[in-house]
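Asks: One letter stands for each residue in the lines below.
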Amino acid sequence: MNHLPLIIKREYLNKVRNRSFVVMTFLSPIIMIALVAVVAYLSQINNDKKRSITILDETGILAEAFENTEHTTYTILTDSNYADAKALVKAQEDFGLLYIKKSTDTLNLVETVNFYSDESPSVSIISNLERRIEKRISDIKLQNDGVNIEQIRASKTTINIAQETFDGEKTSKIDSYLKLAFGGAAGYLLFMFIIIYGNMIMRSVIEEKTSRIIEVIISSVKPIQLMMGKIIGTSLAGITQFLIWLILGGVLLFVVSAIFGIDLTQIQSPQQEMINQAMATSDAQNIAQDLIAGFVNLPILNLCVAFLFFFIGGYLLYSSFYAAIGAAVDNETDTQQFMMPIIMPLILAVYVGVFTVIEDPHGTISTIFSFIPLTSPVVMLMRIPFGVPIWQQLLSLAILVFTFIFTVWFAAKIYRVGILMYGKKPSYKELFKWLRY
Amino acid sequence: MNNLLVADSVSKSFGDFKALNEVSIAVPKGSIFGLLGPNGAGKTTLIRIINQITMPDKGEVLLDGSPLMPMNIRDIGYLPEERGLYKSMKVGEQVLYLAQLKGLSKQTAKERLKYWFDKLDIGDWWNRKIQELSKGQAQKIQFIVTVIHRPKLLIFDEPFSGFDPINASLIKDEILQLRDEGATVIFSTHRMESVEELCDHIALIHKSNKVLDGRLTDVKRQFKTNTFEVGLQSSNPEEITRLIKDKFEVFPATFKNLNDDIKLNIKLPQDTSSNDLLRFLTSKAEIHHFVEVIPSANDIFIQTVKNN
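Protein chains in written order, with my numbering: chain Y, 1 to 437; chain S, 1 to 308.
Treat the hints as calculated values from the structure; they're not laboratory data. Owing to the predicted nature of the structure, the values given are computational and were not obtained by experimental measurement. Just so you know, not all the hints are guaranteed correct.
Unchecked claim - Heads up, simulated PhoX-like pairs for lysine-lysine below, C-alpha to C-alpha not over 25 Å straight-line:
id, chain 1, residue 1, chain 2, residue 2
1, S, LYS87, S, LYS114
2, S, LYS135, S, LYS119
3, S, LYS256, S, LYS224
4, Y, LYS222, S, LYS106
5, Y, LYS413, S, LYS90
6, S, LYS207, Y, LYS222
7, Y, LYS102, Y, LYS50
8, S, LYS306, S, LYS245
9, S, LYS29, S, LYS152
10, S, LYS114, S, LYS58
11, S, LYS114, Y, LYS9
12, Y, LYS222, S, LYS58
13, S, LYS87, Y, LYS9
14, S, LYS135, S, LYS87
15, S, LYS224, S, LYS306
16, Y, LYS135, Y, LYS156
17, Y, LYS222, S, LYS152
18, S, LYS58, Y, LYS433
19, Y, LYS156, Y, LYS101
20, S, LYS90, S, LYS110
21, S, LYS18, Y, LYS413
22, S, LYS267, S, LYS284
23, S, LYS87, Y, LYS222
24, Y, LYS433, S, LYS18
25, Y, LYS433, Y, LYS222
26, Y, LYS102, Y, LYS90
27, Y, LYS9, S, LYS110
28, Y, LYS90, Y, LYS50
29, S, LYS284, S, LYS220
30, Y, LYS222, S, LYS18
31, S, LYS106, Y, LYS9
32, S, LYS18, S, LYS29
33, Y, LYS429, S, LYS29
34, S, LYS90, Y, LYS9
35, S, LYS114, S, LYS135
36, S, LYS58, S, LYS110
37, Y, LYS9, S, LYS129
38, S, LYS207, Y, LYS433
39, Y, LYS102, Y, LYS135
Take these sequences, add in the hints, and give me the full structure.
Replies: So this is what it looks like as structure tokens:
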């Protein structure tokens with residue numbers, strides 16, 4: 001008898017109707033958006049902050065280096081001393097005092113520049129000041145050697161290498177960033193999904209054990225049916241939650257940015273910075289074109305199909321582990337010892353994805369890890385936007401499916417024995433013994 | 001076929017531990033079959049095998065003459081000793097769900113649930129969650145879950161635990177009625193008085209082996225020791241007692257009687273009948289009390305377990 005649909009339905013409704021699930025579903029996006037809005041607002045305030053810095057320049061040659069900017073005003077003192085300058089800074093409530101001492105060799109300031117302030121300055125302020133001084137001194141040195149600075153400036157040029165495959169497919173740097181973003185998002189989504197909903201499955205198995213209903217249920221259905229029903233039902237609830245988050249988040253983001261007039265695109269994420277850098281070297285008009293072209297160039301169909309299969313495969317693989325753990329223990333505190341071996345490969349997968357796929361999507365390490373079943377879903381999803389041969393994808397998927405079947409068999413064994421075991425915290429040795437029951 | 005359920009040389013091991021060793025039982029149709037045994041004897045394992053929760057290593061179980069199949073779960077209702085329901089699920093939904101798992105349609109399940117609600121004097125619990133019910137109330141729901149699909153075979157593991165005397169007798173009557181309507185009942189308990197009251201067949205499992213089985217009356221006949229409980233009145237009790245002791249094996253007896261006279265348990269040799277004893281006694285004293293000592297289920301249980 002196939003009770004699977006019935007079990008899936010119950011698990012799904014049970015999850016979806018659960019009060020804390022409902023609260024989480026609707027509250028999370030609100031909290032997230034509120035956080036984003038607060039961060040955006042604060043960083044805006046931070047950017048708007050004006051500060052003035054007083055510079056006591058005893059060398060008398062660096063004044064040119066400090067031009068006022070939107071956020072910083074420089075006051076140059078040449079004819080003063082440290083005590084007076086300090087008093088002045090205090091009186092004006094300036095941010096700080098940059099003290100450049102005179103040295104025997106004017107052009108060697110390695111040890112003669114100091115910055116004094118009440119609060120310690122940020123790294124960016126200091127490096128900004130350093131850069132300005134360095135540039136000025138280097139200019140002076142060049143001039144002293146008789147070099148025409150204007151000529152050097154004029155000689156600067158920018159190159160934007162147009163990339164094209166031998167098949168005539170055009171790519172660009174923006175392309176790469178887009179691919180990274182897609183792959184990263186897919187991999188990360190899977191990672192989050194496994195952690196959140198895997199735990200949920202585990203808890204629901206434990207709940208059945210602690211409420212002792214399990215014996216009634218499995219006198220009616222096969223344990224493997226119950227396990228699969230739980231996994232699928234919980235996943236569907238998870239997908240529902242994710243969709244609601246996506247829609248609600250999108251709407252809220254739109255509303256919030258409209259109301260508060262906060263330009264959320266100004267919040268700089270690392271990816272955006274990379275894109276900006278890429279943009280800086282190419283013409284503004286080209287960027288939009290490149291973006292669209294990049295998007296079109298993505299193997300969209302392949303990406304979608306692969307996402308679907310690797311996501312489902314990876315998720316089912318891990319969730320059967322979670323179900324087995326839930327069956328093996330009596331309460332949630334006992335799960336810790338079994339969680340590590342599950343979480344480790346997941347984290348490894350994300351690290352491999354972040355560090356090696358970005359570096360070289362088709363390198364040895366990325367390729368190997370995109371075949372190992374516990375890491376392949378995440379790593380392969382990150383690699384696919386860069387174009388992975390179909391045979392590799394199929395092989396990896398085949399390995400994944402094969403492993404999945406094996407794990408389900410393995411998990412079902414532990415599940416079958418474990419759900420009827422009470423009162424003892426099993427060891428790995430014991431779990432192994434259960435496989436033979 | 002006279003037997004609804006037959007377990008034939010069923011063995012089951014967990015690792016090195018042998019939970020059941022070649023256990024065979026036959027449960028006649030329409031009987032209440034007491035499955036007895038000390039804690040950890042293997043009763044629950046046997047029950048789980050009958051429920052197809054665990055598979056036997058050796059031997060087979062026949063229901064109505066054919067080996068158990070997955071579809072047979074419809075024919076069996078099981079009330080485990082470890083009770084439990086989904087705590088946060090509503091009563092109505094929960095019973096419907098569990099009934100559907102046993103193969104009932106939603107509609108039928110609904111009708112039967114209403115019938116049981118009336119019968120067990122359960123008011124409007126449909127929308128209450130299990131966690132809002134008392135233990136006894138939850139037990140009633142659990143009982144309904146066990147019987148709602150009208151199984152041929154009912155398995156009750158300690159069905160009366162957690163019930164007050166009123167509800168316990170209510171449930172007892174329901175079990176008897178189900179039996180009268182044609183169901184066969186396997187009844188596992190440690191309470192020997194309910195065994196006396198309900199069971200017509202018993203099997204005793206001890207240390208993974210079946211050590212005793214049969215009709216309860218046959219088992220009692222097998223265990224009776226030809227002993228009679230006797231109350232006598234005489235002007236010279238010491239003399240009479242001495243005379244009896246010379247002739248028979250005698251134990252002290254306690255029972256309620258109006259007179260403060262001689263109370264004895266007299267064990268007769270195999271070839272002596274009760275009439276011989278009566279003849280012997282009538283000549284010596286006045287007989288006020290004469291009863292054959294029939295071993296109780298409790299005695300049989302203790303004696304069997306101790307001897308093994």
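Asks: For every hint, state whether the structure bears it out.
Replies: Now the hints, each set against the structure:
{"no.": "1", "hint": "S:LYS87 - S:LYS114", "in the structure": "21 Å, holds"}
{"no.": "2", "hint": "S:LYS135 - S:LYS119", "in the structure": "19 Å, holds"}
{"no.": "3", "hint": "S:LYS256 - S:LYS224", "in the structure": "22 Å, holds"}
{"no.": "4", "hint": "Y:LYS222 - S:LYS106", "in the structure": "21 Å, holds"}
{"no.": "5", "hint": "Y:LYS413 - S:LYS90", "in the structure": "31 Å, violated"}
{"no.": "6", "hint": "S:LYS207 - Y:LYS222", "in the structure": "29 Å, violated"}
{"no.": "7", "hint": "Y:LYS102 - Y:LYS50", "in the structure": "29 Å, violated"}
{"no.": "8", "hint": "S:LYS306 - S:LYS245", "in the structure": "28 Å, violated"}
{"no.": "9", "hint": "S:LYS29 - S:LYS152", "in the structure": "9 Å, holds"}
{"no.": "10", "hint": "S:LYS114 - S:LYS58", "in the structure": "42 Å, violated"}
{"no.": "11", "hint": "S:LYS114 - Y:LYS9", "in the structure": "23 Å, holds"}
{"no.": "12", "hint": "Y:LYS222 - S:LYS58", "in the structure": "20 Å, holds"}
{"no.": "13", "hint": "S:LYS87 - Y:LYS9", "in the structure": "18 Å, holds"}
{"no.": "14", "hint": "S:LYS135 - S:LYS87", "in the structure": "12 Å, holds"}
{"no.": "15", "hint": "S:LYS224 - S:LYS306", "in the structure": "17 Å, holds"}
{"no.": "16", "hint": "Y:LYS135 - Y:LYS156", "in the structure": "16 Å, holds"}
{"no.": "17", "hint": "Y:LYS222 - S:LYS152", "in the structure": "21 Å, holds"}
{"no.": "18", "hint": "S:LYS58 - Y:LYS433", "in the structure": "19 Å, holds"}
{"no.": "19", "hint": "Y:LYS156 - Y:LYS101", "in the structure": "33 Å, violated"}
{"no.": "20", "hint": "S:LYS90 - S:LYS110", "in the structure": "14 Å, holds"}
{"no.": "21", "hint": "S:LYS18 - Y:LYS413", "in the structure": "19 Å, holds"}
{"no.": "22", "hint": "S:LYS267 - S:LYS284", "in the structure": "18 Å, holds"}
{"no.": "23", "hint": "S:LYS87 - Y:LYS222", "in the structure": "22 Å, holds"}
{"no.": "24", "hint": "Y:LYS433 - S:LYS18", "in the structure": "15 Å, holds"}
{"no.": "25", "hint": "Y:LYS433 - Y:LYS222", "in the structure": "21 Å, holds"}
{"no.": "26", "hint": "Y:LYS102 - Y:LYS90", "in the structure": "23 Å, holds"}
{"no.": "27", "hint": "Y:LYS9 - S:LYS110", "in the structure": "18 Å, holds"}
{"no.": "28", "hint": "Y:LYS90 - Y:LYS50", "in the structure": "16 Å, holds"}
{"no.": "29", "hint": "S:LYS284 - S:LYS220", "in the structure": "31 Å, violated"}
{"no.": "30", "hint": "Y:LYS222 - S:LYS18", "in the structure": "24 Å, holds"}
{"no.": "31", "hint": "S:LYS106 - Y:LYS9", "in the structure": "14 Å, holds"}
{"no.": "32", "hint": "S:LYS18 - S:LYS29", "in the structure": "30 Å, violated"}
{"no.": "33", "hint": "Y:LYS429 - S:LYS29", "in the structure": "44 Å, violated"}
{"no.": "34", "hint": "S:LYS90 - Y:LYS9", "in the structure": "15 Å, holds"}
{"no.": "35", "hint": "S:LYS114 - S:LYS135", "in the structure": "21 Å, holds"}
{"no.": "36", "hint": "S:LYS58 - S:LYS110", "in the structure": "40 Å, violated"}
{"no.": "37", "hint": "Y:LYS9 - S:LYS129", "in the structure": "19 Å, holds"}
{"no.": "38", "hint": "S:LYS207 - Y:LYS433", "in the structure": "22 Å, holds"}
{"no.": "39", "hint": "Y:LYS102 - Y:LYS135", "in the structure": "18 Å, holds"}
Comparing the model with each earlier hint shows violations of hints 5, 6, 7, 8, 10, 19, 29, 32, 33, 36; every other hint is respected.
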